[in-house]
Amino acid sequence: MRITANMMFNQLTKSLQGSMSDIAELNTRLFTGKKINKPSDDVIGTVNAMDYKVNINANEQFQRNIDAASVYLDFNDKSMTSISDNLSKLKAISYQAVNQQQQADRDVFAQQAADYRDFLLTLSNSKIGERYMFSGYRTDQKAFAFNAATNHYGYNGDFGEIKVQFDKEANMAVNVQGSRVFSVPLSRSMPAALFDGTPVSYTEAADTVTGVTTVTVAIGNAGDPAYDTFTYSNVMDMANIMSAAWQYKNIDGADLNADPTLNETMAMHRINALSVPFDDANKQVLTIQAEVGTRQSEFKDQTTKLDNSTLTLQNALAKTEDADMTETIVAIQQAQTALEALRSSSATLLSQSLFDFLK
Amino acid sequence: MSLSGLLDIGKSALLASQTALSVTSHNIANVNTPGFNRQEAILNIASPVAVQGGLMGMGVMVTGIKRNYDNFIQGQLLLQQQNHGRTSAQSQVLSQVEQIFNEVKDLGLQTSLQDFFNAWNDVAVNPEGYTQRNVLIQKANSLVSSAKSMERSILATLKNTNTEINDIVDRINSTASDIAMLNDKIVQAEAGVNSGTANDLRDQRDNLLNQLGDLTGITYYEDKNGAVNVMMGMRSLVSATKTNTLFSQMNSDGNNEIYLDGIHITSNVNKGQLGGLIAARDNIASGPLMDLRRLIASVTKEVNLLHLSGFGLDGSTNNNFFNTLQLSTEDASAGAAIPSSSITDLSQLTLDEYDITFDASSNYYVKDKQTGATVTSGTYDPTGTTIAFDGIEVDISGTVTSSDSFSISPLTDAIRNFGVSITDTDKIAASSFGTELHGNNANALQLSKLSDTTIANLSGSSFSGYYQRLVSDVGVMSRRASDSLKFDDTMLNEIQNRRESVSGVSLDEEAANLIRFQRSFEAGAKMLQVTDELLQTILNL
Numbered sequence: 001m002r003i004t005a006n007m008m009f010n011q012l013t014k015s016l017q018g019s020m021s022d023i024a025e026l027n028t029r030l031f032t033g034k035k036i037n038k039p040s041d042d043v044i045g046t047v048n049a050m051d052y053k054v055n056i057n058a059n060e061q062f063q064r065n066i067d068a069a070s071v072y073l074d075f076n077d078k079s080m081t082s083i084s085d086n087l088s089k090l091k092a093i094s095y096q097a098v099n100q101q102q103q104a105d106r107d108v109f110a111q112q113a114a115d116y117r118d119f120l121l122t123l124s125n126s127k128i129g130e131r132y133m134f135s136g137y138r139t140d141q142k143a144f145a146f147n148a149a150t151n152h153y154g155y156n157g158d159f160g161e162i163k164v165q166f167d168k169e170a171n172m173a174v175n176v177q178g179s180r181v182f183s184v185p186l187s188r189s190m191p192a193a194l195f196d197g198t199p200v201s202y203t204e205a206a207d208t209v210t211g212v213t214t215v216t217v218a219i220g221n222a223g224d225p226a227y228d229t230f231t232y233s234n235v236m237d238m239a240n241i242m243s244a245a246w247q248y249k250n251i252d253g254a255d256l257n258a259d260p261t262l263n264e265t266m267a268m269h270r271i272n273a274l275s276v277p278f279d280d281a282n283k284q285v286l287t288i289q290a291e292v293g294t295r296q297s298e299f300k301d302q303t304t305k306l307d308n309s310t311l312t313l314q315n316a317l318a319k320t321e322d323a324d325m326t327e328t329i330v331a332i333q334q335a336q337t338a339l340e341a342l343r344s345s346s347a348t349l350l351s352q353s354l355f356d357f358l359k
Numbered sequence: 001m002s003l004s005g006l007l008d009i010g011k012s013a014l015l016a017s018q019t020a021l022s023v024t025s026h027n028i029a030n031v032n033t034p035g036f037n038r039q040e041a042i043l044n045i046a047s048p049v050a051v052q053g054g055l056m057g058m059g060v061m062v063t064g065i066k067r068n069y070d071n072f073i074q075g076q077l078l079l080q081q082q083n084h085g086r087t088s089a090q091s092q093v094l095s096q097v098e099q100i101f102n103e104v105k106d107l108g109l110q111t112s113l114q115d116f117f118n119a120w121n122d123v124a125v126n127p128e129g130y131t132q133r134n135v136l137i138q139k140a141n142s143l144v145s146s147a148k149s150m151e152r153s154i155l156a157t158l159k160n161t162n163t164e165i166n167d168i169v170d171r172i173n174s175t176a177s178d179i180a181m182l183n184d185k186i187v188q189a190e191a192g193v194n195s196g197t198a199n200d201l202r203d204q205r206d207n208l209l210n211q212l213g214d215l216t217g218i219t220y221y222e223d224k225n226g227a228v229n230v231m232m233g234m235r236s237l238v239s240a241t242k243t244n245t246l247f248s249q250m251n252s253d254g255n256n257e258i259y260l261d262g263i264h265i266t267s268n269v270n271k272g273q274l275g276g277l278i279a280a281r282d283n284i285a286s287g288p289l290m291d292l293r294r295l296i297a298s299v300t301k302e303v304n305l306l307h308l309s310g311f312g313l314d315g316s317t318n319n320n321f322f323n324t325l326q327l328s329t330e331d332a333s334a335g336a337a338i339p340s341s342s343i344t345d346l347s348q349l350t351l352d353e354y355d356i357t358f359d360a361s362s363n364y365y366v367k368d369k370q371t372g373a374t375v376t377s378g379t380y381d382p383t384g385t386t387i388a389f390d391g392i393e394v395d396i397s398g399t400v401t402s403s404d405s406f407s408i409s410p411l412t413d414a415i416r417n418f419g420v421s422i423t424d425t426d427k428i429a430a431s432s433f434g435t436e437l438h439g440n441n442a443n444a445l446q447l448s449k450l451s452d453t454t455i456a457n458l459s460g461s462s463f464s465g466y467y468q469r470l471v472s473d474v475g476v477m478s479r480r481a482s483d484s485l486k487f488d489d490t491m492l493n494e495i496q497n498r499r500e501s502v503s504g505v506s507l508d509e510e511a512a513n514l515i516r517f518q519r520s521f522e523a524g525a526k527m528l529q530v531t532d533e534l535l536q537t538i539l540n541l
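As you go down the protein sequences, you meet chains W and C in turn. Under my numbering, the residue at position 291 of the first sequence is numbered 291, and the numbers go up by one with no gaps. Under my numbering, the residue at position 411 of the second sequence is numbered 411, and the numbers go up by one with no gaps.
Just chain C, with the same shape it has in the complex (with noise of 0.2 Å):
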């Protein structure tokens, strides 16, 4: 072994210990970095050599640089972060919905439901009173402005639910695309290099991904060049460098759908920030909105079907007190056409909704969309046939396929057309008989009863118990919603934890790392001068 040999060993060691120090510096440069794994240079023994009586060290060499990173905690980090999207977005519309219907701060129906009623009350016990009669129609009216706006406030959180959803799409897409770049990279990266990987290409990546976790759900896997393919809602949304689009576009209820690369997978998508607002959106439509449209048609119907018996003080009868309930029609067919439907029987009414659908041999099929249950069927004649069921009577004509369908409900425009129909006070019938009998007030009296009347269309509950129901159905979702969310977030925190126990960067550990590195260098260093004196003192023989 010669002197030089020592010089070789020195020099490996100031080289390793450099190395160390440079990615030292690295960490704690990245210390605040998120998605940043601290990495470690991974030092080896350098071959020996074989030397008269046996092997010799030939010093250090640095086989790589590793990154702390560990596979499943990445897992479980996208998986909970697509949960807590989910959440965190369902809890926020939930919660503005809940705000509508704070009743605890006397917010919405309950006041001037009560108020309408007792107005009736006052009527009865005064039938002949004009000033009772006009604070009737004053109180129908606050009763009509506050369902209204109830309304409104739904459909205005729906409506920012929807704008919110195109922004999240957009920010998939250039997310998406992001990853699709890093794959390229990193891929061409790796390419040439037999051990190591490109840990900050792939610490980026990561992050993206956990980003796109947050948006919406997907799933993913890596290929064996290091790019990934995601999937979302079971179609591909990144494969390797190419980018498939996701796209949001209005349906006819104004909410917006999604579709990627041209395929419709709004029911697919599940979690993430996504997949919260789209459940969150189709949880109000179909419950709380539902609910008051059904409770405020029920109201029309009722007060209408007293008031319509009743006589007015000047002897009129057959006078609605609100407007009319309205049927609306939706056409799912390219033959056949709704000319004609109305109310014929408004007692009858379930204010259920209801499909109607033909099949193959042009038979019809009226179905209540609420029970299931199909309430009548008859031939289909395509020059026009008349359909009557539970009150309701629709003309259709046209050719008819197995395929289309139309549907009817009586509760779409309930509160857009909930209005105090009556103006002349003297039309208002608290009377209960048809000459002119000012003190009657038996039909009043049945009016301001209906408040504590259970209705067969709200499940046999009264107007204020449905309504009961209603504010605690609002309430229990979001606390559901506000309970996922801090379940999610603990969660969350935990394996962030996790993650960052195994990959965060300590700074203590690197200051300790600097101390030993610079100290190893020293003693580098130290070695290659005593191997120079050796060499000095050989040279001066």
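One chain only, chain W, in its complex shape (with noise of 0.2 Å):
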């Protein structure tokens, strides 16, 4: 082949600008840190790296999502403790219905039942920022109010379960109902006879929406002159009965009978009546409590799970995107080198010709 000055020329030309252009490639990556700096660089390692920053956001999202969840479920955690010592008070003042009690013990009673009742209350409207926390989804409204009008207390919320995702699949509630947690649906160890073997019947009636249960409990047999009924809803309702009684009062404020001894052994039975429910529903809150428990590790494993698929998909990430800085170092003396020795080859052909040599 016949070569001439111009195909030196533009062969040198290639050579430089090929040269020029790795050593440009090299120094953005090492710019960069990256060793894909556009899709076309390697596509599938880009459409990769955009996969686990999708997955890594996501997780990320999660873990945001179970922390903002958690402190709910803390805090629920605690007002279950807080709620089953009232309850296990109410529990021990309704077991003082067997015996006579004086009338300055009874004011006392009536007074720490009132007390419990109140605390009760209070808890089942507690709020977190904007948030009441035993409404279910009506979370703008108090979970229980009194009604003067009934003398009983009622629900406001409803069975709603306010749900957060803490994986691809998974959801979780973060709130539990006041329904489920103050109105106690009968169990299945409820007495047929009271203490002096009174007999005595529950009835219970719920409603699916709220989920709230109503139980209407009957003493004596009918036509008798002690005969009683009383309903109650929820465990604000058992202890204001429970205070009233005390008082040997409905909840109304009338007697319960116009005959002293009756109205005595008809408070008394109510009381009594009452400690069952007060100790099932003290089994239910602490029933809640575990499920909450149960709710609260499986958020620390899922943290856990998160954490190491994060730190999984960012070695991935580094390991797709990221360029490996001794090795681009090198490579990039390595072209250099390479360029060096091409330019001082070039400037020595270059510069020669057969015309320096004729005289």
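FYI, nobody ran anything at the bench for these hints, they're computed from the structure. Please note that the accuracy of each hint is not assured.
Quick partial rundown of chain W residues pointing at chain C, CB under 10 Å, derived from the structure [unchecked claim]:
no.	residue
1	Asn37
2	Asp41
3	Val54
4	Gly129
5	Glu130
6	Thr139
7	Lys163
8	Glu169
9	Glu264
As the structure is a computational prediction, the values presented were derived from the model and not from experiment. Where is the CB? At the ideal position from N, CA and C, for every residue including glycine.
Two chains, two frames, a set of hints: combine them into the complex.
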């Protein structure tokens, strides 16, 4: 092949260009610390990196959700403890009805029951931020309120479960509906008779929409002078009935019976009839607390899982798009050496011509 | 044989050497001229004369000056020049578009898309929170502006490409007229000459042909007079000394179409920079741009569908989160028009584009442009026909012919109309139930999960999956173009080297020739001197 001046020149400029663009690309890699700087550098790598980022981002969001949810769950956990304490106390007071009590003691019991009732009401209307914690979805409403017309405590909430996403496929409720905590369905161990042998019956009516169970208690046989019925739908109701009964009164403030002896018997019956429901209510609260605990530990597990998954993804991401610095620097040095060699050899070649040797 | 015969031989030697020296000088002078082919004086033995005892040589004569030129290489060079022009233009445009989708640097849509759905997640965690709702509206707005800025950048690239197409059309015209002018000169120069060609003019013309090949796809042939005829897009661009004008005209899509001598040839222009630009432009418009619009239309559709079914803090429902999708219609009919078109059922919308055509017996056909399937058909009533299909209702009235057509697209304006329609945070429908349930987050939860849901309109991908595919398509497109460019560059270089090898000037070679012909000139002169001395000798007798 004939070699001409232009061929050499073209070849040289091409080679110089090639070397320079190699160095420029390696330099970009060094500046950015990334080996992929545009999608066409490595299409599969780019798409993988995007996918890793999506997943890392999703994990961060789930973690954020868990952090927010944990506040609610921790609160629920602590609330259950307080509620349970109150219920134990109420149950203890209800057991005092087995014996006849002095007026002064009865006043104390009545006052204590009223205090626990009010304390439970306050607990049921706890609020975090803008949210009433025990109202289901109706978080802008207090969960329970006293109805002066019926002298009963009513539930304003619903059975809504506020769920939070903590994994791609999984949600978990962060609230406990007030109706589940404060309203108690009948258990299997309801007594058929009171301490003195008086028959007692409990009938329940459940509202499936709100989750509230209304229980009607009948004491004695219909037609008896001391026959008595009353209803309650939550623990505040129960405490309220008991507080009144210790004063030998109905919840509306009237005497239970005109006859003082019957009045006392009926009041003692009422208080005694409430002791098993108080016990059940306490059990239910402890069950819910265990449930909340399970959710908390599931969140804890999920946090570990998310951390691990994020770490794996970040490693994969780094492997996909980060440049190996040592390798890059060595490559730059190689390219520079090649460029220098090219420059010095071309300097010699281009400057020589036969004309130099003609005289 | 006389002594004066010797003088003639000496003279022929001098003349031949001088001509060869001129040719050598010409070569040296043009060592760096692009397209110059090395020339050579062709020396031949002069016709001998008969003398007693045989034929006697009569010296040397120059029979011509030829250029070292290989027709085959020139053909290959032109072809490769066209490929190179195409790939270099394509790679340039596509690498610009690639930057718009450069997710490696977190430019693009992915972050804002994810932020938007994360904001829904935050609303789900805190459905009664004002801050979370406000952040959601902010994130939605930044998704809108990301999408809009991406579309703007793509459209700007397309506009630049169209401007460049215009420039190239001008350059093709001027190159074509230069070729026509050279044709004229070459025909005139070669007309009287029996042997040899107008070397330097031909070099210039070959060079122009190569330049033209870089600009556009051409074929050419040389006629018997030495003029070349150049064809472009199967039409004549240069015919001997006559040229036809190429011009570009903008169509309704804002794209420049190419006309040669009034005939539309855009689809026949495949090579050279012009072909590359047209191909890149059409690829971008039908690929990334369309896909981006489809993605945004799909986000609008799915988010709105869920949002319409939910309830705000104020109990309001049936509110759109994003501005509603709008149909755009294109009318390719003289007699008929579409007075109204609307989306009647958002959930039925396929996000495909449709063509409505008519036949001679006034039936209409609606064809899905993406699947190619006929969606519906029926009898057309010129007083007004309502056509309903796939959640779309179109009214057409007026006289139609079988060559008329309408096209309907929910995508064209999808990004232009994209915007957040909710301004009141209380209207954000986090709740799935009618009465004012502040804590109900079921709908927000559904909306946040949309980011992972597979969407039928996006061929079963999720939003981010579809977007990833889009980025990978752009990456592959750009990669293919730059790989082709590398290949075509090497090929072109190779062919140019081969051309140089045959036609290029080697200064060393010319230096040697210089010495060679200088010596032969000196020897010829010496010969004259000797002859002169011989004559003196005779004269002194």
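Hint check:
1. Annotation: interface hint on Asn37 of chain W holds; nearest CB of chain C at approximately 6 Å, less than 10 Å.
2. Interface hint status for Asp41 of chain W: upheld, as the beta-carbon distance to the closest one in chain C is roughly 8 Å, under 10 Å.
3. For Val54 of chain W, the interface hint holds, the least distance from its beta-carbon to any beta-carbon of chain C being 5 Å, beneath 10 Å.
4. Interface restraint check: Gly129 of chain W against chain C, minimum CB-CB distance 7 Å, threshold 10 Å, status holds.
5. Evaluation of the Glu130 of chain W hint against chain C yields a held restraint, the C-beta minimum of about 5 Å falling below 10 Å.
6. A hinted interface residue such as Thr139 of chain W counts as satisfied when its beta carbon comes closer than 10 Å to some beta carbon of chain C; here the least separation is about 3 Å, so the hint holds.
7. Annotation: interface hint on Lys163 of chain W holds; nearest CB of chain C at approximately 6 Å, less than 10 Å.
8. Taking 10 Å as the C-beta cut-off, the interface hint given for Glu169 of chain W holds, the closest approach to chain C being about 9 Å.
9. Contact between Glu264 of chain W and chain C, as hinted, is not supported at the beta carbon level, the nearest pair being about 46 Å apart and thus beyond 10 Å.
Checked against the numbered hints given earlier, the structure breaks only hint 9 and satisfies all the rest.
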